[in-house]
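Following the hints, put chain B in place on chain A, whose structure we already have.
Line by line, the protein sequences give chains A and B. With positions in the first sequence counted from 1, the corresponding number in our numbering is that position plus 27. With positions in the second sequence counted from 1, the corresponding number in our numbering is that position plus 133.
Everything labelled a hint here was simulated from the structure, so no lab data went into it. Check each hint, because a few of them may be wrong.
[Unchecked claim] A partial selection of chain B residues facing chain A, derived with a Cβ cut-off under 7 Å:
| id | residue |
| --- | --- |
| 1 | P398 |
| 2 | S402 |
| 3 | A403 |
| 4 | G404 |
| 5 | A408 |
[As the list claims (entries may be wrong)] Taking lysine-lysine pairs in the PhoX-like style, the calculated list, with each CA pair at most 20 Å apart, reads:
| id | chain 1 | residue 1 | chain 2 | residue 2 |
| --- | --- | --- | --- | --- |
| 6 | B | K182 | A | K118 |
| 7 | A | K127 | A | K108 |
| 8 | A | K151 | A | K138 |
| 9 | A | K151 | B | K285 |
| 10 | A | K68 | A | K159 |
| 11 | A | K118 | A | K132 |
| 12 | B | K285 | A | K75 |
| 13 | A | K159 | A | K127 |
| 14 | A | K118 | A | K108 |
| 15 | B | K287 | B | K182 |
| 16 | A | K87 | A | K132 |
| 17 | B | K393 | A | K68 |
| 18 | A | K159 | B | K393 |
| 19 | B | K393 | B | K182 |
| 20 | B | K209 | B | K285 |
This one's a predicted model, so the numbers in the text were calculated from it and none came from an experiment. Where a beta carbon is used, it is the ideal one built from N, C-alpha and C, also for glycine.
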Amino acid sequence: MNANRLLLALSLTAVVTVAFASTESIGDRQRIMKANGAATKPVVAMLKGEAPFDLATVQKSLADYQTGIATFVTLFPDDSKSGAKTAASPKIWDDTAGFKAAADKFASDAKTAASAITDEASFKAAMPTVLKNCGSCHETWRVKDAQ
Amino acid sequence: MGRVGRTLLASVVFGCFAAYWLTSFDAYSVFRGDDRLLPSRAPDGAKGKTLFAAGGCVSCHASPDSTDRLHLGGGKPLVTPFGIFYPPNISPDPDDGIGRWTGVQFIRALREGTAPDRHPYYPAFPYPSYRGMSPDDAADLFAFIRTLPPVKGKAPDHELTFPYSVRRGLVLWKLAFLNGTVLHRDPNRSTLWNRGYYLVEAVGHCAECHSPRNLAGAIVQDKRFSGGPDIDGKGAAPNITPDQTGLAGWSEAAIASYLKDGFTPDFDSAGGAMAEVIRNTAELSDADRLAIATYLKSLTPIQGQSRVR
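One chain only, chain A, in its complex shape:
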């Protein structure tokens, strides 16, 4: 009887832990992507000439991209393929190497831009290359579903 209860308790804990673990990863990666969006907003305003160029803001965004994406790629355990409104494409698990290569490209493009950008002219020349990663990654690795 006691052994059965213990087993039941253990299985329940296991189920809760698994559910929690996957939901947690999905939430974490969605927070990083939201932060990327927030970091992109002022940068695009500057590119469009809607806001004055500010080197510190640009460098902060480029640094945030690099730290964010480094954590982001670690947040795809096998138990986080579905649920919690994830928009992650199954391809991430089918072609993990390709996914990591895409993330590395984003990080290295951001790093290159960070050393290249010193003024408004170099910003306008280098920034679009970094931002192209948003669309090219989402094209392959994200699948949005109906809510």
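Relative to the frame of chain A, chain B by itself:
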């Protein structure tokens, strides 16, 4: 055999002949006529280049193994609930592409879904939208495509499930669902609206993904633009009518900006098949993107199942 029996037999025989004839490859032009195929002026390749971007030709026809988006060798598989379509080579190669086609053959293919050898195309090729283009614009598009590099090699045959594999059925499909008319300007609307109407409904064929389809694969017209299944069968193309579940919260400027750089008002970025569409709309003029936005915001709001996030 009695009188009734003879009548019945005659009806069945007649019915078989009628069905056979109705699905013959010439039935469409016999019913709808061939008079909407002739251009009224010499083609203009520069205008064709804009139409080529707006029409998204490269998104399906570019060679998947080429880095040059203007290599239109075809063959990139389009996986659908009906089976796998392989878009053909539409480069100007005389043997494997469309290099030997006449202008009128191209216009017929684009507007009526009929190949030069008269066989009907599957509507995976969005001619139900392209039919709205004028013969002059279709000829401009052809003139531009003819300037692109010829590419060798044919795409594989489509791999479709029965009954979709029966091409004769497409003739009936066209008679039932293909409205063969050119889109006409609405004189009560602005020039910008009319340009958007033309780009969205005809050339850009937005409704082809952003609408639900019936069992025959035709767009459900009273739900047009209210969102549809993703072309890859996973995910969804969102509602693009100005409903709360669609673009109600987007200004015209926000839509135009999205079509240029792919960023939503929340600085999410376009993904899936839309990322490829943005590559095309990024090549349009600001005025054309604003025209598309103006038309979309003028649509009747329809509640959709999917929401723009």
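Hints and how they fare:
| no. | hint | in the structure |
| --- | --- | --- |
| 1 | P398 | violated, 9 Å |
| 2 | S402 | holds, 4 Å |
| 3 | A403 | holds, 6 Å |
| 4 | G404 | holds, 3 Å |
| 5 | A408 | holds, 3 Å |
| 6 | K182/B x K118/A | violated, 34 Å |
| 7 | K127/A x K108/A | holds, 16 Å |
| 8 | K151/A x K138/A | holds, 16 Å |
| 9 | K151/A x K285/B | violated, 39 Å |
| 10 | K68/A x K159/A | holds, 14 Å |
| 11 | K118/A x K132/A | holds, 18 Å |
| 12 | K285/B x K75/A | violated, 42 Å |
| 13 | K159/A x K127/A | holds, 17 Å |
| 14 | K118/A x K108/A | holds, 10 Å |
| 15 | K287/B x K182/B | violated, 24 Å |
| 16 | K87/A x K132/A | holds, 19 Å |
| 17 | K393/B x K68/A | holds, 15 Å |
| 18 | K159/A x K393/B | holds, 12 Å |
| 19 | K393/B x K182/B | holds, 17 Å |
| 20 | K209/B x K285/B | holds, 15 Å |
Of the numbered hints given earlier, the model fails hints 1, 6, 9, 12 and 15; all others are met.
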